[in-house]
Structure formats: C-alpha cells, structure tokens
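Q: With chain A's structure known, arrange chains B, C and D on it following the hints.
Going down the list, the sequences are from chains A, B, C and D.
Residue numbers for the first sequence follow this note's numbering, so the first one is 8 and each next one is one higher.
Residue numbers for the second sequence follow this note's numbering, so the first one is 8 and each next one is one higher.
Residue numbers for the third sequence follow this note's numbering, so the first one is 8 and each next one is one higher.
Residue numbers for the fourth sequence follow this note's numbering, so the first one is 8 and each next one is one higher.
The set of hints was computed from the structure by calculation and includes no laboratory data.
Treat the hints with caution; some may be incorrect.
Which copy is meant is left open, so a pair is good if it fits within one copy or across any two.
Under the rule of at most 27 Å between Cα atoms (straight-line distance), these lysine-lysine pairs were calculated in the DSS-like manner [as the list claims (entries may be wrong)]:
(1) Lys332 - Lys9
(2) Lys218 - Lys338
(3) Lys33 - Lys9
(4) Lys278 - Lys119
(5) Lys35 - Lys154
(6) Lys145 - Lys96
(7) Lys293 - Lys145
(8) Lys61 - Lys35
(9) Lys33 - Lys61
(10) Lys35 - Lys293
(11) Lys145 - Lys278
(12) Lys145 - Lys312
(13) Lys278 - Lys293
(14) Lys332 - Lys309
(15) Lys335 - Lys119
(16) Lys96 - Lys33
(17) Lys61 - Lys9
(18) Lys293 - Lys33
(19) Lys145 - Lys309
(20) Lys119 - Lys338
(21) Lys332 - Lys61
(22) Lys214 - Lys154
(23) Lys309 - Lys33
(24) Lys218 - Lys154
(25) Lys9 - Lys312
(26) Lys214 - Lys338
(27) Lys33 - Lys332
(28) Lys174 - Lys278
(29) Lys278 - Lys154
Being a predicted model, the structure only gives us computed values, none of them experimental.
4 protein chains.
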Amino acid sequence: MKEAIRTAVLGLGRLGYWHAENLVSKIKGAQLVSVVDPLEGRAEQVARELGVEKWSQNPNDIFEDDTIDAVVIVTPTSTHADMITRAAKNGKQIFVEKPLTHTLDEADEVIKAINENNVSCQVGFMRRFDPAYAEAKKRIEAGDIGKPIYFKGVSRDGNVPPEEFIKHSGGIFLDVAIHDYDIARYLMGQEIVSITSTGNILMESNKFMEKYNDVDQAMTYFTFDSGAAGDIETMRIAPYAYDIRGEVVGTEGSIQIGSMRYNDVKVLTSKGSQHDLIPDFPTRFKDAYLLEMVHFIDSLRKGVKPICTEIDGKAALEIAAAATKSFKTGKTIELNSKFLTLQN
Amino acid sequence: MKEAIRTAVLGLGRLGYWHAENLVSKIKGAQLVSVVDPLEGRAEQVARELGVEKWSQNPNDIFEDDTIDAVVIVTPTSTHADMITRAAKNGKQIFVEKPLTHTLDEADEVIKAINENNVSCQVGFMRRFDPAYAEAKKRIEAGDIGKPIYFKGVSRDGNVPPEEFIKHSGGIFLDVAIHDYDIARYLMGQEIVSITSTGNILMESNKFMEKYNDVDQAMTYFTFDSGAAGDIETMRIAPYAYDIRGEVVGTEGSIQIGSMRYNDVKVLTSKGSQHDLIPDFPTRFKDAYLLEMVHFIDSLRKGVKPICTEIDGKAALEIAAAATKSFKTGKTIELNSKFLTLQN
Amino acid sequence: MKEAIRTAVLGLGRLGYWHAENLVSKIKGAQLVSVVDPLEGRAEQVARELGVEKWSQNPNDIFEDDTIDAVVIVTPTSTHADMITRAAKNGKQIFVEKPLTHTLDEADEVIKAINENNVSCQVGFMRRFDPAYAEAKKRIEAGDIGKPIYFKGVSRDGNVPPEEFIKHSGGIFLDVAIHDYDIARYLMGQEIVSITSTGNILMESNKFMEKYNDVDQAMTYFTFDSGAAGDIETMRIAPYAYDIRGEVVGTEGSIQIGSMRYNDVKVLTSKGSQHDLIPDFPTRFKDAYLLEMVHFIDSLRKGVKPICTEIDGKAALEIAAAATKSFKTGKTIELNSKFLTLQN
Amino acid sequence: MKEAIRTAVLGLGRLGYWHAENLVSKIKGAQLVSVVDPLEGRAEQVARELGVEKWSQNPNDIFEDDTIDAVVIVTPTSTHADMITRAAKNGKQIFVEKPLTHTLDEADEVIKAINENNVSCQVGFMRRFDPAYAEAKKRIEAGDIGKPIYFKGVSRDGNVPPEEFIKHSGGIFLDVAIHDYDIARYLMGQEIVSITSTGNILMESNKFMEKYNDVDQAMTYFTFDSGAAGDIETMRIAPYAYDIRGEVVGTEGSIQIGSMRYNDVKVLTSKGSQHDLIPDFPTRFKDAYLLEMVHFIDSLRKGVKPICTEIDGKAALEIAAAATKSFKTGKTIELNSKFLTLQN
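Looking at chain A on its own, in the form it has when it is part of the complex:
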C-alpha cells in the first residue's frame, strides 16, 4: 500500500475547511501538504492553524507541484470543470464536491480528461458513507428485503439560503435533491429512466424564488430500468430540524434509514416525552464527511476505484437536469443514457 497520499485542498469555505481539518488529523495515510484559496490571507491563516506546510492563492501552485498526489476540489461549482481538467492533465488524483460540474457538457469534458489522463475521481456524495445509509446498502445487498421495488426519500432543511445563493444554485433539484438522486441509484442498484417533477413556493417569504423559476418545495417521482419506482420530497423550509429520511421497499420487506433524534436523552414531564432533533447538516453528516475522505485516501493507497466516481456524478447531474425540465414543462422526461458503471 502507498505510504501517504500527499494532498492539497482547493477552496477553504466551510466544507473545504472540514476536509482540510480531517486530512490533517483524522485520516490515516493522508498528508495535507497545501491549501489554496483565492481570498487574500485565507490560505495562510488555515495553513498556520492546521500546521500545513504550504499555502497559495493560486491553484496552479498545486497543479504544477510534482510532490502533490491528490487534490480535494471544494471551489464553486462553476469552476469544477476547469479545476478537474487541470488536475487530471497534471496527473493529480481528484476528489470533487457535488455536483460534478455545472452542465452535462462539462461533465462529458471532465470524464474525457479523467479517462485520458488515467486518474481517479471521487464525487462528494457523502451520504453513501453515512453509517446508516451504508448499513442499509449492506442489508439490501444481503437480500434482507428481497428485490428493491420502491425508493422513498425526504430531505428537509430549514435553512433558506439568501437570494444571491438561490440565483446561482441551479435550482432545488440540482442543488438539494441531487443527494437523493444519487443515493436512490446507489441503494436501489438500478438506473432511473423517467422522471416527473413538480413543486411550489410554500412560504410567502420565498416568493423571490419565482424570478429564478425555483421553488422551496419539490417532489420528484421516477421509475427505474427494472420497473421499480420512487419518490423524493425536497424542502428548504422545515421549521423543526434537519430532516433526512430514506426508505427502500422490497418484495419481502422495507428498510428505513435515519432517525431525527439527536441526543440519546429523553426528558419526561407532565407535558410529555421530549427529545432533541438534529438541528443541521453538519450534525447529521459530520461522520459521513470524514468517512468519504477516509475512503478517498484508502482507495488511492490501495489503487482501487472509489465507490462514487465521475460517472455517478454525471448520472446525478443528468437526473437533476431531467427533474428540472419536468418541473418547467409539466411533462414526464425520459432518460436514455446508459451509465457504464453503476457503482455498488
């Protein structure tokens, strides 16, 4: 096995910082050697705080550094295609946050670059690494529920992003539901072939989303190539918790993933029994972010493909695009791409 993977993180926003922190202190076989952020001073600050030897404002310093094995791309989505392509051309192994790219054309470009340069690419669908989803995958593959026939997903967040973010987010299907599209493919082990989407603005305060043809609540219904089906409910306005649920119904049973319970503490009073709910996505998926990075480094050390590649990234993108189109046209959209690798 390779000794240590010399890694750089590009983009030091919240997620980038997490990845950097995890790489520094919690992942065996990883060595964080450089951090990059365009913001004046940000890279240096993080480097000093985490004890990283190099920092830069310019990604080129990474791409051209022969001592660096792998890059973790956490820059804005609009830059992903460029970053991935340059990383690939320089022989760097790649981890990129979801979504893979902004457009399907870009996705095809980066897939080409990745293949031509023979590098590995893992896309940040961290739910696959969440212990509950991972356990569900294992159980489904073990046949505990028979053959999967229905996927049901709920993703509700109460944290409405500011208008500026919504404007550039690509819409609720691409920005939020994409996690469920990926996990649906993964858990079902099947490809989505048709999509019907709809949605609405439920909160007065989100009326501004109309300008961007976006909504604060959406529903996607889809079918799989096997004849199975599924639905995904997506909400930006849950007032009570960060509420992520998954379920796969099979011919012999059903598997439910996720509880909203936070602490293993119940308070019983004459008003009833109370327990806390998971307040936000860092609380819910902190472990998953660590575990996906562990997997990235492990795969590189072992020289094997990660369970979540650029092909999965493109598949999710294609589904999200179809969902968006269905929402805008009111029509069911057929998907006829055959993805070469449905990762298991």
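A: The following block gives chains B, C and D in isolation, referenced to the frame of chain A:
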C-alpha cells in the same frame, strides 16, 4: 337528548357485520333493530347471533319501517346512490361507507335528496375518528405547528385484492387514496385545487391491472387553495405490514401520525431488537370504526351535523376523479369546485 | 357452553362501576342482573343508568338470590374474606379485586371455603390480561428469550393517595408492588423464595407516611426457586406519567413490556420531538380490566379454571407480607410455601 | 493557553492503545511522546505504528523524563497507587483509569501525594463525557426535571470475563457497578450515605464465582444525603447487547439516558421491525473515551481542574467497598465520609 336511535344495517359483509356488532353491544344510545343482506340466510344468521329482532333480504323492509330512525349503508358502492336516495326519501338518517357514490353525478343526486328530505348523512371516513388522527387535528387547531403548509400521506397495504375486485374498484385513486384525500382536507383545513398523479405496476404478478388502466403503486401531488401543497403515496403491495402514516408540516413545526408498532413488547436478542408490526387494517382501525359509529349515533341524538358529511364525501370523490384523470393524461388537473362546508 | 352468566357486582366505587359497565355492554355471555352498594341510593342510581334490573344495599340479597351465578367483589379489602366466604357458601362463582384478603390467615380461610363449596375464584390481577403482558407471556413460553433468569419491574404512579387511604392501605408493598409480584411469578413461571426490601420517603410532603411505617418509594429484590432473581421498583410520586414497565431477561434474550407513549402522534418543533405520556392507570389498563372480565365470564361458561386464582392471590399476598417484613427488619426473608398451582 | 501537552501512556492493553491512538491523531494540544509497556517489544511496536518518538519497558523512563508533562496510567489496578505516587512526585499531571486504586488506604496515599506535589489528577470515569450523560447533566442542572429524587442505573454486559480476571477483579461492585456509582453522584449532585446490596449467580456456568464470593448479577440500593435514593442493577450475563441505561427522576419530571439502538436503520418484514443493538462497550463508549482525553488535555492547557478528580475516584471506591460489604453481611452500610468536592 333522544333516548335511543333505532338503527338498521344494510349489507352484512365484513364491515357491515362490524358495524352491526358495535351497534348491538358497544354504543350507548343505539339500538340495532334490523339487519339486511340480499344473500339467502345471511341476515337471519347475523340477527340470531347478535340478538337483533328483525331481519330481511329486502332493503325496502327497512325504508318502509316507520320505527327505524337510521340506516347504516354498507352495500356495494354501485348501490350507494340508490340506497341513500331511498333512505332520504323515507326520512331515515344515513351513515354510508366511503366512497359516497360511484360517480360525481350520483353524488350531486344524493346531496339533493339529502337536502330536500332534511336528513343527516355521515360518510365513513373513519380515519377522522382514529385517536391519533383526531389528536393531530386537535394539535393543529391548537396552533402547535403554526400554519399548515404541507401534507404527507403514506398508505400501504400488502393485501392485493383479486382481479374481480380490481376490475370494479374504480382504481387505486378512488379505492385506496381517497382516505388520504379526505384526511388531507380535514387536517389541513384547506381545499385541494390542483392535482398531479402518476403511478406504476411494480409487481410482475399485478400486470393484469394494466387491463383496467390501474396500478399497484401511485403518487399524488396536490396544492391547496391557501398555497400549501402535499403528496400521497399509495401502495397495494407492502410486504411487511399495514402501514399508514400521516404528517402535516406547519410554519413552526411538524406533526407525525401513526406508528407501525403493534404490541408494546420488544424482544431483544443478539440479532437485535424486534417488535411486531400492525398486520392489517382491522387491527389498525378497529377503534376508528367504533368511534365513527359512536359519533354517528351521538350526532343524531344531539341533533347536530356529523363532522364528515355528504359534502366531504363528494369532495373526496372529486379529488379522486381528478387524480385518476391526471394519471391517465399525464397532466395537472385543476379543481374549481368550492365546497360549501369544510368540516372541522 | 353455558348461555349467559347472571352476574352481580358488589361495591360500586370506580372499579366496581367499570366492571358493571363492562358486564352490561361489552362482554358476550354476561348478564348483569344486580348491583349492590352500601351507600344510600348508589346502587339504584347505577342500576337505572346501566339498565340493571335489581339493586340493593345489602349483599345478602345477592348471596341468597338463586338466579345469580356469579359475583364480582369490589368492596374494601377488609371485607373480602367475609364476602368471598359467603359467596362460596352460597355457591356463587367469584371474581374478587386484588388483594385476595387483608391477611394470610384470611386467605387460608377463603381458600378452604372456595374448595369446600367447589366454586371458582378469579383474582383481579388485570396485568395478566393487558395485551402487552399477555404477548410477553406468549413469547417467553415460545422460548424467544431462552430460559428466564431475571425479572425487572417498575411501577410509578404520581397520584399520592390521601393520608386516610395510606393508613388503611397495608403499605406500598401490599397495595402497589403486589401487581408486580404477581406478574413476576406469572411471566417467570417460577416461585419467589427469598425477598429483600427497602424503601424511603423521598418527598417532604409524604413525611406523614412515617406514622404508618410506610414509604413513597420502595425496592424489592427477590430470588426464584430456579435460581433466577429479580427486582421491582415502586413509586407513588412519579411527576410525569403513569409509568409501568416490565422486563424479563432470559439466557438468550430479553423482553421488554410497555411503552409510556400515549397517542401515536409526535409533534416536532425547534424545541425537539414531543409525544404525550400515559397519564393514569385507567388509560393504561382500561383494556386489561375489560379483558379480565371477559376471561372470567368465558372461564365460567366453559367450566374451566381462570388463569389467576385464589392460590395466586395468596401467593402474591405472602410475597407482599415478606417484602413488608424485610423492609421493617432490614433482613432477607425466606418464603417456603409451596403453592400448588403456578398458573400458566 | 499552554501550546502542547507532552504526554506518555503507561500500559498498552486495549484501553491504553486507544488512549495512545487518540492522543496521536485526534486531540488538539496533545503530543504523545512516549509509550511504555512491560511486555517485551509491545511499546516499540505501538510506537512505530503510531509514530511515537520514544518507547520503553520501564515507567521510570517516563517519570524521570523532564520533557514529559503528563502521564496516562492504564496499568493493572494493583499498580495504580505506585504509579500515581511516582508520577506525582515527579511533577507529572495524571490521568488514571478507574478505579483510582485497589484499596481505600491506597486512595488516601495517592490523594496525599497528589496534593503535596500539586499536580492534577483525572480519573477515567468516561461516562461523564458520553454525549448522552453529559446532555442529561446539563438538563438536570438547567432544572428541566426539578430537584432530583431518584437515580436508576442498569449496566448489563454479556461478556463474562475468564476466571483469572474475576479472581483479581475486586468483585462485581468494584469492577462494574463503580461506573454507575460515579455517574449517580455526578448526575444527582449529591453524596451517597447508605447502601444495601445483594446479588446472585444466575448462570450455572458462573458457579465458579462462588469461590471468590462474587456474583454475575447484583443490585445496589442507596440513599443520598439529601434524602433522595436510587438503585443500580448490574449484570455480567446479558445475552443480547451491551445495555447501559441511566435515569434520574426529579420532582417535576424524569430524564432517561441511552438507547440500545446501534444503527439508525430499521428493517421491516412480515416478522416485524428489527434494528441492531449496541454489541459491546467499545461501540457504546468510543466517543466518551476520546472526549475524556480531550478534557484531560484541555484542563491541563487551561490550568483548571478536571471534572472528575482523585476525590471522585476515592468516593466511588468507598461506595463500591460499602456495597461489597453489604452484599457479604446482608446489612445496610452507612457511609460517613464527607468528600470535599462533589464535582459538577
């Protein structure tokens, strides 16, 4: 208050028998004086078993009997319109199983007959009387979750009816989802104004449903006049339990109705923790069937309207018809009826 | 099977009234023909309300009435011995509320009278009929947890009775813990052979209990003839709910009985998830009170012994007496009675 | 704040290795500079694996090394007194696994040494750092349940240690129940003043414990100086899971700590709903072991006392000794030590 409501049950299938049994022994102020069933010998058998004084094969014997105050109609849906009309014309108070009638035209007819003859009519949407749904209604009205903005329903049954039943069932939207349509209106306190439906046959063994343009799994998405929305997932093929869930998301919280747990018993072994699931609808809604009949008798004794009338019956029917149309056309259907009374 | 059991209820306090109501309207094969209460007018009032044909202030009117088959004794414990003996001598079948009698000597007397007159006697340990405990019994007998090795009981009530009641209650072990002693024997299928008890007054407001050598919180530890053991925690001061839990640990697993959850409704807000708790014993054991009476009537109609006889009544009494003695002396008390029938 | 605490781990069994691993990679402000184990080659092996600069078979190499600030003592209990005393005399800050020492006399000795040398000492009662217990502590202090009046603890492990371990374990009260004694004091914020204990050997296969006057199941009942009380059930033979539960009843409510659920995954089949149980103590308390070490290092860097000192270590020891005595004599044991600091 009126002393005792002299009641007759028309139709002695499983549900009719339950109603008869409840009326005989468990409902204060009710007196079951007659039972009717067209099947040779059935009425007499039930009458003897339950100690009911009269029986007949002919509904006319009820309608023309001046000592009878109220009828409980549990005959096939195709006969509802006729039964209700005749009951109304003979001044009988009416309880009728859902759906109110087979068609919207029939619904209009029976509403007319009910009004002209000034009788009361309760439709058998028993979920409104289920203790959990009733408590949820109370909590929502108390403002515990703020203003309702989303309804979510799941109704899964594993008991696929025989082809002969499916053929005459009116389809999954009318036969199964109608319970959720009613409870959605009831809990949200709002009228549904647009509907998008879709569905699929997920089990090979149900392919015969294609002949009837029916499916074993359906999804309905709808919006309310207030701008709220909701979705209902309906399944005839749940392999694990009778699984009925409801949820109302409000601006300040969410309320979830129903657990699938059967006994308050957990068995812990090295294989994990196990508890039984509710196996079927009698187990789940037994109490609700009793409580709706208690409400029927109570309303009559007090001379007040029941919480679930022929208007609610027609509303649910109209929604189910729209859902069916959307499923068949792939289009969103607008509903523009204004129901006079949204029962609270 | 016997047509109908002509029954009388003696004592029309809360429990007596419930039994009367159940016998009138909810139990097949039962006929409530008379009610008795020493309080002027009480019996007549109840008889008129429930439509019972006879009433009296004098139990003799029941004992001497040849048309009466069975009596349900819900009079004060101090009168049980006398009531049971007279009922037995007059050939009446007997249901008696727990405890069987006030003293062990009285218990021996009534057992003698019951045997000599060849009548049946069921003691009101209604937990045996609670659906959760009954299911647990079934599971244990099916071998789901292997051989039972430990019983754990919690009984917490928040409803501190008035001093006058405490004074005559016989103490917390006899008045409250006795239900757990019985259910421990029943679920374990084993006899208790040694007892160590202790307890304390935890609430300042209950200091008056000292006068009666009583406590508001008690703990009993005991061993069974098989070498198994168990503990029971008893509390009169639970501020949050009526909290009854049972557990049997076996060599291959454990079975837990009872949840405190009331409605199947959860309210989720930013303050967390809330559900109601069972507020009081009528709510928790309403069904069990009905089911034990169904069993009483059924046993009589079928001419079989009930699952909970005077022998079980005496066993529980003996255990409670030993627990009280251990509490007062600080010593472990051995029990060497061999009960003839451990009911299963 | 102090830059980094240069730390050494003494004893590299399972727990010692965990602490070493945590200190190397997961704790900010800690630097693991040396590991010691008497077993030939063990220290070197661990040092090489974790990248620790020094190793030794001899604790003296640590005590005499001026560059080392703190020691983590995970050696056998019989050596604790000696190790702590030598560490203290050499000015090392101390973390020691529970129990503090083997005897109360030793406890007094080490407390003296700690005080005279003015070093800090944290005892490894890791439950205080478990997120659920910590949250409960916070809630209790916030007054969520009023004034605490009852503590209830259950600790069940199914992993019966070999006879050689039992022989030297000090017995079930000292070896197992001690965690509950500590957490009872901590959560209640009160001192235990009297103890009644009992226990039995429930499994035939554990009869060998008789030789050591030990049992595989024990019950402790105790009272606090405030008049509150509590009970702790301890079991070495749970066949189904690692089952740790805590509860504090207060005058206005109750707080329950811990669920046995492992993954947030439920599998629903016609056999019911199943979820996994926590299999063992590493799974249950992994985080707590990390968090207690974080606290140790943090306290040292900030120069403040840890929340769990040698005084708490002695208190738990004294309670365990009293429990053992009560078990052996069948008498209630009074405790009259006044511990100076009840840590909050």
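Q: Looking at the structure, which of the earlier hints fail to hold?
A: 1, 4, 5, 6, 14, 15, 16, 20, 21, 27 and 28
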